[in-house]
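Engineer: First to last, the protein sequences are chains A and B. Mapping the first sequence onto full-length UniProt numbering, position 436 (from 1) lands on 436, and the numbers just tick up by one. Mapping the second sequence onto full-length UniProt numbering, position 93 (from 1) lands on 93, and the numbers just tick up by one.
Treat the hints loosely; a few may be bogus.
[To be verified] Non-contacting residues of chain B with respect to chain A, defined by C-beta distances greater than 10 Å in every case (computed):
# : residue
1 : S4
2 : Y19
3 : G26
4 : H48
5 : A50
6 : A52
7 : S54
[Stated by the list, open to error] In silico contact screen, one side only, chain A against chain B (beta carbon under 10 Å); selected entries:
#  : residue
8  : N145
9  : D146
10 : R199
11 : R200
12 : D226
13 : I259
14 : T260
15 : S312
16 : I314
17 : S317
18 : E368
19 : D370
20 : I372
[Unchecked claim] Straight-line distance between alpha carbons at most 20 Å, and here's what the computed EDC-like set of lysine to aspartate or glutamate pairs gives:
#  : chain 1 : residue 1 : chain 2 : residue 2
21 : B       : K41       : A       : E368
22 : B       : K41       : A       : E253
23 : A       : K362      : A       : D441
24 : A       : K150      : A       : E195
25 : A       : K159      : A       : E169
26 : B       : K41       : A       : D370
27 : A       : K447      : A       : E437
28 : B       : K17       : A       : E368
29 : A       : K362      : B       : E6
30 : A       : K375      : A       : D444
31 : B       : K41       : A       : E254
32 : A       : K362      : B       : E55
33 : B       : K41       : A       : D441
34 : B       : K17       : A       : E121
35 : A       : K297      : A       : D246
36 : A       : K278      : A       : E253
37 : B       : K41       : A       : E303
38 : A       : K78       : A       : D115
39 : B       : K17       : A       : D374
40 : B       : K17       : A       : E195
Keep in mind that the hints were calculated from the coordinates and are not lab data. None of these values were measured; they are calculated from a predicted model. The C-beta atom is built at its ideal place from N, Cα and C for all residues, glycine as well.
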Amino acid sequence: CYPWAGSRLSRDSVALRRTPWSRPPPADAGGTRWVLEEIDNRKINNSFLRDHNYATEADIISTVEFNSTGELLATGDKGGRVVVFQREQESKNQPHRRGEYNVYSTFQSHEPEFDYLKSLEIEEKINKIRWLPQQNAAYFLLSTNDKTVKLWKISERDKRPEGYNLKDEDGRIRDPSTITSLRVPVLRPMDLMVEATPRRVFSNGHTYHINSISVNSDYETYMSTDDLRINLWHLEITNRSFNIVDIKPANMEELTEVITAAEFHPHQCNTFVYSSSKGSIRLCDMRAAALCDNHSKFFEEPEDPSNRSFFSEIISSISDVKFSHSGRYLMTRDYLTVKVWDLNMESKPLETYQVHDYLRSKLCSLYENDCIFDKFECVWNGSDSVIMTGSYNNFFRMFDRNTKRDVTLEASRENSKPRAILKPRKVCVGGKRRKDEISVDSLDFSKKILHTTWHPSENIIAVAATNNLYIFQDKVN
Amino acid sequence: MDVSAEAKRIMVQALSKMYGSRSQRGGLRLHRSLLLTLVMKSARDIYHSARAASESQDSQEEKPAASDSPSDPPRGEDESMDTSSPEVPEEPPKSASAAEPTHAEEDQENRSPVRVDRHSRKRRGKTATEPDFLPCKRAKMDSGEVLRILQDATLRSNSGQCARGTDTLPGAHMLRAVATC
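Isolated chain A (complex conformation) (with noise of 0.2 Å):
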């Protein structure tokens, strides 16, 4: 029986009392034991915040990304600031103790900007991350705000020259005449350097709030998305883009959809998908049309009519859109549900999960404190057999496509100790309400988990719960 299956939870807990650590955890995913190793960002954040219940907002994680290899996780805030961690190796002294993220870098991305002519401040807030693949020593993201992609090259120094002759030690000038003698300066270790220093600036390929940034499986492009264009960038040009999709009705009045987000296939570099704000998604094909506003495929589930309320429309936009590893699947996330598409099926979802039905009849008050708004993120495993998105009361959700498990499991420093495992928690929607249960009339709706990340390869997650960075990893004895 798997520890953290929601569903049956009385008597999996009993069987964890009784048999504790003897059973090590299956090797698929499925039967994961995830154990807290939690990162906070307070600790970097040291200098400033003294009180440790008090968050400033610039702190607040806007994004989380692993890189390529699962080496290095970014995080960006609403301040501008990127934090890049890095695993450190594996040591042989403590073979338990897998690789701990440590910090490794950490730049300020992007400054707050005036918009001079349209009188509007444009935030600094990193709305994405993405990684490039590594190809050198070096390291390359894409990061970008509302309106400004920037590609950053981060690199270690771990040497320098040493042994001028003009100049001193600390850099000063010699005077000419104490020189007497020629010397070669000879390169020698130094404490270890990490630079970030931006490589490009990709600024004004928009007019709206760009969403989604999504790097091609070419590695020479990549493309930009804002409500209602995508722009096809090369990573060494600059001062021009492609737009590939404009959705802009000649009339503003007549608009009735803009695009949430946008992705590339993971192999196919021609093809892309861009989901809506009214629940659709649309595959595109570059090899169609320098212009990609007719779709190949169109990806819409028919509403459900007795479901029909006043927030229909709200509750329908999709937050996120992601291919699976595979390239043969899709997953979309909106208010309430996450849903896994077969690309060779338009007609509808191959699978829909309930992330927190029971907000459905609690829409009208998650309208008036703007939670109905929230965008939350989804992401697939490495082996795209368990999907995760986050919820409310600093929960996120756990669902296994193959076995239909689902867990609920919560980030936080009160409920989990470093290296405990976490216990799945449950809500309960009605009735009588049993221990260890939370009722839905006592969720904190502060307290949201819009961002989250899956180790490429191994069953690792990073989850942002609004200020702090927690990191999970699974359990093995």
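With chain A fixed as given, assemble chain B onto it according to the hints.
Structural biologist: Just chain B now, kept in the frame of chain A:
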């Protein structure tokens, strides 16, 4: 009337949210504004169908111009929304544009300086995010005022009088008051 009360509440909240988003950092969010507009439209449709069912006798007192738009109350409310938040992306152009010229004829006496602005002002809607070459110098109103105006508007529209004439007064007062501050 529960549905209609809920619909009204949703509309009022949508309006105040749209108004509040104008002062947000980063400018108007198109996606959010669109969703709010859709909610407002569907709430308005439900509100009117609920009210039309219960207030069919008022249709005799409505102006002939009411044939252009569904009924007088929506016009009154539309216009009051128009007054209070000029940048709000709105109702179908048809009913409003048809209503506007007829209102111009009827309301000669009640015209305020603001009116002229309103007729000639382009419906901003989502074009607020378009590059326009003048800085945006709109008077700000807090959501309490917006709600008050809307509540006044909906109360007045019950009376079956020219809703537009009575509704413009608080709006005009508001804008004039802000201009002089």
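Engineer: Among the hints numbered above, which are violated by the structure, and what are their numbers in rising order?
Structural biologist: 3, 10, 11, 32, 33 and 40
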